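S.K.: Listed below are the residues making up each chain.
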Amino acid sequence: MRGRPLLHTSYAQDMALLDTPAKRLWAALLVALAFALPVVLADRSLEVLSGAYALAIGAIGLNIVTGYAGQVSLGHAFFVAVGAYTAAALSAPPGGRTLGFGLTEIWIWLPAAGLAAAAAGVLVAPLATRLRGLYLAVVTLGLVFLGEHVFKEWKALTGGPGVGREAAVPRLLGYPLDQDGPLGTKEQVLYVLMLALLVGFAVAARNLARSRVGRAFAAIRDRDIAAAVIGVPLTRYKVLAFGVSSFYAGCAGGLLFTVSGYVEPGSFSLLLSVQFIAMVLIGGVATVSGSIAGALFISLLQPLTRTLPALVPLVSADTTRTPNVFQVETVLYGLLIVLFLVFEPRGLVGLWIRVRGYWKSWPFSY
Amino acid sequence: MSGQEPVLQVEDVRLGFAGVTAIDGVTFDVRPSELLAVIGPNGAGKTSVFNVLSGVYRPQRGRVTFLGQDLLALPPHRIAALGLARTFQNVELFHNLTVLDNLMLGRHHHFRYGAAAAVLWFGRARRAELAARERVEEIVDFLELERWRRHPVRLLPYGIQKRVELGRALAMEPRLLLLDEPVAGMNVEETEDMARFVLDVRDELGVPIVMVEHDMGLVMDLADRVLVLDFGRPVALGTPAEVRGDPAVIRAYLGGAA
Chain A
1 MRGRPLLHTS YAQDMALLDT PAKRLWAALL VALAFALPVV LADRSLEVLS GAYALAIGAI
61 GLNIVTGYAG QVSLGHAFFV AVGAYTAAAL SAPPGGRTLG FGLTEIWIWL PAAGLAAAAA
121 GVLVAPLATR LRGLYLAVVT LGLVFLGEHV FKEWKALTGG PGVGREAAVP RLLGYPLDQD
181 GPLGTKEQVL YVLMLALLVG FAVAARNLAR SRVGRAFAAI RDRDIAAAVI GVPLTRYKVL
241 AFGVSSFYAG CAGGLLFTVS GYVEPGSFSL LLSVQFIAMV LIGGVATVSG SIAGALFISL
301 LQPLTRTLPA LVPLVSADTT RTPNVFQVET VLYGLLIVLF LVFEPRGLVG LWIRVRGYWK
361 SWPFSY
Chain B
367 MSGQEPVLQV EDVRLGFAGV TAIDGVTFDV RPSELLAVIG PNGAGKTSVF NVLSGVYRPQ
427 RGRVTFLGQD LLALPPHRIA ALGLARTFQN VELFHNLTVL DNLMLGRHHH FRYGAAAAVL
487 WFGRARRAEL AARERVEEIV DFLELERWRR HPVRLLPYGI QKRVELGRAL AMEPRLLLLD
547 EPVAGMNVEE TEDMARFVLD VRDELGVPIV MVEHDMGLVM DLADRVLVLD FGRPVALGTP
607 AEVRGDPAVI RAYLGGAA
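Protein sequences, first through last, are from chains A and B.
Residue numbers for the first sequence follow my numbering, beginning at 1 and rising by one.
Residue numbers for the second sequence follow my numbering, beginning at 367 and rising by one.
Be aware that a few hints might be false.
One side of the interface only, derived from the structure: several residues of chain A facing chain B at Cβ under 10 Å [said to hold, decoys possible]: (1) Pro21; (2) Leu25; (3) Ala204; (4) Arg223; (5) Ile230; (6) Val232; (7) Ala286; (8) Leu304.
If you're looking for bench data, these hints aren't it; they were derived computationally from the structure.
Just so you know, these numbers come straight off a predicted model, no measurement behind them.
The C-beta atom is built at its ideal place from N, Cα and C for all residues, glycine as well.
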């Protein structure tokens, strides 16, 4: 009915993902605009955005386990690494310097990367049934250090620190997505691929969140004993949360390095986990749109901070000098997390809700 | 009421925590569509009995049989799936979720679809969710929660939160309902509302109820039978009139020569 956007005459309408015409319109416009960007933007900008979309998939994953299910995980970088190396090893040509199986089709290595990471997640999950809160955070932190060591030493897989290896090679039915071709430049094709995958993963996460599974996650987060007493099997759902979250992380890992074409074991340090946590907290805890907004925010911050050495002579681009631009970034993530937690715990999504509320009730302040 | 198989049988249950005995030798049964009240001074072990029944605590001795099933071997979520629902003394709702989502969670074990169907949504998951929503709306109606539907429960007044918790238990379609102090901390109006809902649950839905409550007026007016506990031991079990005159009960509450 025109002009009555909140008049729902069936439960189906009431429970729809986009429940008002305005939401449907804006969502469609936003997706259309995003798909139109390759025509407008330079390849360099598309590269940054492609990376941001891959990170957004990972951030949605972290939000599933930490935001929705309330299990604080500092080990997200580890699962991203498992996915990245599974994808890289599967798609690399066999008999090279590093492990390779020659399966370059993306529909093979992407799900495989997700599943390998999910398997790792399911193995770690039993810890979450024993530990809560800070204790779980510390144990998952250990996972990152463990992974860092293994990836540095396992040179046949990772190429070793400072050397690295080629990342996953994306081909779709024989068409190389990582080379300039009839469909557009490499950056344009990869951008569209990442965007399409992000939309798919985001819709899947929203569906999961509004289902019995998402509700069970939230129940465990808010009151775990009450959740068990009303019929939610705690162990099963904690394992599921870690599994799904790690699946997202693994897929993100597989995709993340196809843009640069190169993986180095040093990438999977605690800093990457902290970046994901920053995305979730800055974007908005327990929201899918927040995860995407947070990933975009953090990714677009980087090109800005990287121009700092040129503008501020004190900040060096050299990692051996202090203060350098990477240290500034780390401090900035911490600062942003603190500021958001103090002033807007709901993150960017919260800011948006405030803006929306302001315009809805204008000219009244309540 | 008499002559039918009891819904729940509790036999000689003993529960202790490292030297402290919480309940000892508690025996009672609950008959179909009966309201059994459990009373006793603070620390008598009333809530501990509930925690044994819902699987949160595991007693050292005794038997608990619910509809022919031994409950002591089962984890809490399996007990819930059998149809044993409860509310808590201090409201234990899912604070960040709306009233609707809290009630939908009560139906968790009635859903049959898994994570894969949930991700795809269209088809099985959607049908199941829509059907569940209809059942949940009946409870919203029954408990007069219409105006709070979309509110996160942490923002609701205490009396309404208690009502939502009852709603969540009813959404489980229980075959036995445990109410832990349903009117604690409520004003007169809220208490009368809750009393009306409790009676409706027993009389309209035919669900037997075990109720722990300190409001003696309410207990004497509503209960079919009353179980009195003192220091974890059963002191008396009978109709409100019988229990009221029992010297052992008076001694438990007021003290006196043993």
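S.K.: Close enough to count: is the Cβ of leucine 25 of chain A nearer than 10 Å to one in chain B?
M.R.: Given a least distance of 21 Å, the restraint on leucine 25 of chain A is violated.
S.K.: Going by Cβ atoms only, is leucine 304 of chain A closer than 10 Å to chain B?
M.R.: Result: violated, 34 Å to nearest chain B Cβ.
S.K.: Minimum Cβ distance from isoleucine 230 of chain A to chain B below 10 Å?
M.R.: Holds, because the Cβ-Cβ distance from isoleucine 230 of chain A to chain B comes to roughly 6 Å (cut-off 10 Å).
S.K.: Against chain B, run the beta carbon of arginine 223 of chain A and see if the smallest gap drops under 10 Å.
M.R.: Hint on arginine 223 of chain A: holds, closest Cβ of chain B at ~5 Å, below 10 Å.
S.K.: Tell me if the interface restraint on proline 21 of chain A is satisfied: Cβ within less than 10 Å of some Cβ in chain B.
M.R.: 19 Å, violated
S.K.: Have a go at the valine 232 of chain A hint: is there a Cβ in chain B nearer than 10 Å to its own Cβ?
M.R.: 5 Å, holds
S.K.: Quick check on alanine 286 of chain A please, does its C-beta sit within 10 Å of some C-beta on chain B?
M.R.: With Cβ-Cβ at 8 Å, under 10 Å, it holds.
S.K.: Once the shortest beta carbon distance from alanine 204 of chain A to chain B is found, is it less than 10 Å?
M.R.: Status holds, d = 5 Å.
Comparing the model with each numbered hint stated earlier shows that hints 1, 2 and 8 do not hold.
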